[in-house]
Amino acid sequence: SQQGEEDPQALSIQEGENATMNCSYKTSINNLQWYRQNSGRGLVHLILIRSNEREKHSGRLRVTLDTSKKSSSLLITASRAADTASYFCATDPYNNNDMRFGAGTRLTVKP
Amino acid sequence: DVKVTQSSRYLVKRTGEKVFLECVQDMDHENMFWYRQDPGLGLRLIYFSYDVKMKEKGDIPEGYSVSREKKERFSLILESASTNQTSMYLCASSNAVAYEQYFGPGTRLTVT
Chain A
1 SQQGEEDPQA LSIQEGENAT MNCSYKTSIN NLQWYRQNSG RGLVHLILIR SNEREKHSGR
61 LRVTLDTSKK SSSLLITASR AADTASYFCA TDPYNNNDMR FGAGTRLTVK P
Chain B
1 DVKVTQSSRY LVKRTGEKVF LECVQDMDHE NMFWYRQDPG LGLRLIYFSY DVKMKEKGDI
61 PEGYSVSREK KERFSLILES ASTNQTSMYL CASSNAVAYE QYFGPGTRLT VT
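Heads up: the protein sequence lines correspond to chains A and B, in order. Counting along the first sequence from 1, when you hit position 102 you're at 102 in the numbering used here, and nothing is skipped either side. Counting along the second sequence from 1, when you hit position 26 you're at 26 in the numbering used here, and nothing is skipped either side.
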């Protein structure tokens with residue numbers, strides 16, 4: 001089974017709205033990362049949050065981490081059509097460099 | 001600009017063939033990874049390597065092997081391809097101290 005599970009599986013919003021995606025995981029971690037994948041391409045790293053951090057920002061991205069609930073959320077503010085992609089969370093369940101990815105959230109931003 | 005390249009974007013092979021997927025990174029990264037991606041299952045780790053000539057099994061190593069003879073190159077080998085190995089294969093690399101992974105564009109393999 002997957003270490004990380006994203007929720008929802010799919011999300012459709014209008015341009016300008018905010019998009020929130022959630023990730024739950026099973027074991028203790030050192031860090032959690034979010035990646036984006038445009039259709040049929042490789043993944044691109046977006047942001048990393050360490051287990052001792054609760055919130056992190058990068059441009060229009062805001063990530064939160066609640067280690068007591070083993071969950072994280074990714075907020076994209078003022079979404080654009082170009083944000084249409086799949087978003088994955090990844091964790092390090094074995095406390096080393098091999099990450100485990102969830103199944104992803106497919107985000108569609110309508111112009 | 002960091003770069004991970006994969007030998008083919010699309011590949012069609014027959015059942016029973018030996019298949020080589022090549023991945024090269026130009027960032028002098030110690031760590032390299034092979035994943036397969038299937039709809040609804042996300043990315044699953046097949047094998048990874050922390051150094052030249054080292055390899056570690058991921059979550060789904062059965063039916064695959066790997067080779068890392070040089071630091072920049074990590075090869076995935078399907079000894080005898082089967083139809084259930086039809087998938088998108090993604091290679092990634094990272095350095096020894098950072099967790100951020102850099103991905104190649106992927107190889108979509110079809111086994112008929």
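These aren't lab readings, by the way, just hints derived from the structure by calculation. Even glycine gets a Cβ: it sits at the ideal position worked out from N, Cα and C. Heads up, a few of these hints could be off.
As the list claims (entries may be wrong) - The list that follows gives simulated cross-link-like pairs (lysine-lysine, DSSO-like), each with its CA atoms no further than 30 angstroms apart: (1) A:K70 - B:K71; (2) A:K56 - A:K110; (3) B:K3 - B:K53; (4) B:K55 - B:K71; (5) B:K18 - B:K3; (6) A:K26 - B:K55; (7) B:K57 - B:K13; (8) B:K57 - A:K26; (9) B:K3 - A:K56; (10) A:K70 - A:K26; (11) B:K71 - B:K3.
What the hints assert, rightly or not - Per label pair, the in silico range of CB-to-CB distance: (12) B:K70 - A:E15: 39 to 49 angstroms; (13) B:M27 - A:G59: 21 to 31 angstroms; (14) A:E15 - B:M54: 32 to 42 angstroms; (15) B:L41 - A:R50: 39 to 49 angstroms; (16) A:E17 - B:D51: 19 to 29 angstroms.
_Restraint status (C-alpha distance of A:K26 to B:K55 at most 30 angstroms)_ = Answer holds: A:K26 to B:K55 is near 25 angstroms, not above 30 angstroms.
_Run the distance test for B:K55 versus B:K71: straight-line Cα separation, threshold 30 angstroms._
Satisfied, since the Cα-Cα distance of roughly 12 angstroms is no more than 30 angstroms.
*Is the hinted pair A:K56 and A:K110 satisfied, with a Cα-Cα distance of at most 30 angstroms?*
Roughly 27 angstroms between the alpha carbons, so the hint for A:K56 and A:K110 holds.
_Hinted pair B:K71 and B:K3, Cα distance within 30 angstroms_ = holds (14 angstroms)
*Sort out whether A:K26 lies within 30 angstroms of B:K57, counting only the CA atoms.*
Holds: B:K57 and A:K26 sit about 20 angstroms apart, inside 30 angstroms.
_Tell me if the straight-line CA distance from A:K70 to B:K71 falls inside 30 angstroms._
Between A:K70 and B:K71 the Cα gap is close to 35 angstroms, so the pair fails against 30 angstroms, i.e. violated.
*asked:* Would the hint linking B:K57 and B:K13 be met if the CA-CA limit is 30 angstroms?
replied: Holds. B:K57 to B:K13 sits at ~24 angstroms (cutoff 30 angstroms).
*Does B:K3 pair with B:K53 here, judged by a C-alpha cut-off of 30 angstroms?*
holds (22 angstroms)
*Between B:K18 and B:K3, is the straight-line Cα distance small enough, at 30 angstroms or below?*
holds (27 angstroms)
*If you check the beta carbons of B:M27 and A:G59, does the distance land in 21 to 31 angstroms?*
holds (23 angstroms)
_A:R50 and B:L41 - C-beta distance against the hinted 39 to 49 angstroms_ = With a Cβ separation near 27 angstroms, B:L41 and A:R50 fall outside 39 to 49 angstroms, so the hint is violated.
_Quick check on a hinted range of 32 to 42 angstroms for A:E15 and B:M54, using CB atoms only._
With a Cβ separation near 47 angstroms, A:E15 and B:M54 fall outside 32 to 42 angstroms, so the hint is violated.
Hints 1, 14, 15, 16 from the earlier list are contradicted by this structure; the remaining hints agree with it.
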